[in-house]
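Visitor: Starting from the given sequences, assemble the full structure and let the hints guide the process.
Add 4 to the 1-based position in the sequence shown for the numbering used here, that's all there is to it.
Keep in mind the hints are simulated off the structure, nothing from the lab.
Errors might be hidden in some of the hints.
Said to hold, decoys possible - Beta-carbon label-pair distances, calculated as ranges: (1) Thr115 x Thr69: 25 to 31 Å; (2) Val44 x Thr100: 18 to 24 Å; (3) Ala62 x Glu119: 19 to 25 Å; (4) Pro43 x Lys143: 50 to 56 Å; (5) Asp128 x Gly94: 15 to 21 Å.
In this text, a Cβ means the ideal position worked out from N, Cα and C, and glycines have one as well.
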Amino acid sequence: MHRAVTRPWAIRGLFAMAVVVAACNSDSGGQASTGPIFPVTPKFEIGVPTAASVIQGATTTLPITIIRTAYPGPVFVTFSGLPAGVTAPGVSSTSTDQLSITITAGASATTGVKEVTVNATGSDAPSRTATFNLTVVAK
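Guide: Below, the structure written as structure tokens:
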């Protein structure tokens, strides 16, 4: 005889569940075999190129990849450390994991190489950062 076991609690999130196999048609007497249950922690990673460049008064596109592990929620991407005169919009990724961010350099943007940080946050997952070198070239 097999009984279902229930618990009056639930754990929020996605999990890898063990399968219970009952040996009903064998000589084992109907003993069940179970395996462990391993919770999967919702998380994501981000990937950015190591470098990008933009000419003063122009734009360039920066590809960003979001790699999800059991995290279906939105990921908010912002930038810090941009050179003076350079802008990049903050974006929210809800339906795609391949972003193309337009970086704009003003006509008088500071030239040279600067390390820029990409910040990614999600509501139920640890935040992530990645860096790349942005070169602003004189026009």
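Visitor: Enumerate the violated hints, using their earlier numbering and listing them in ascending order.
Guide: none
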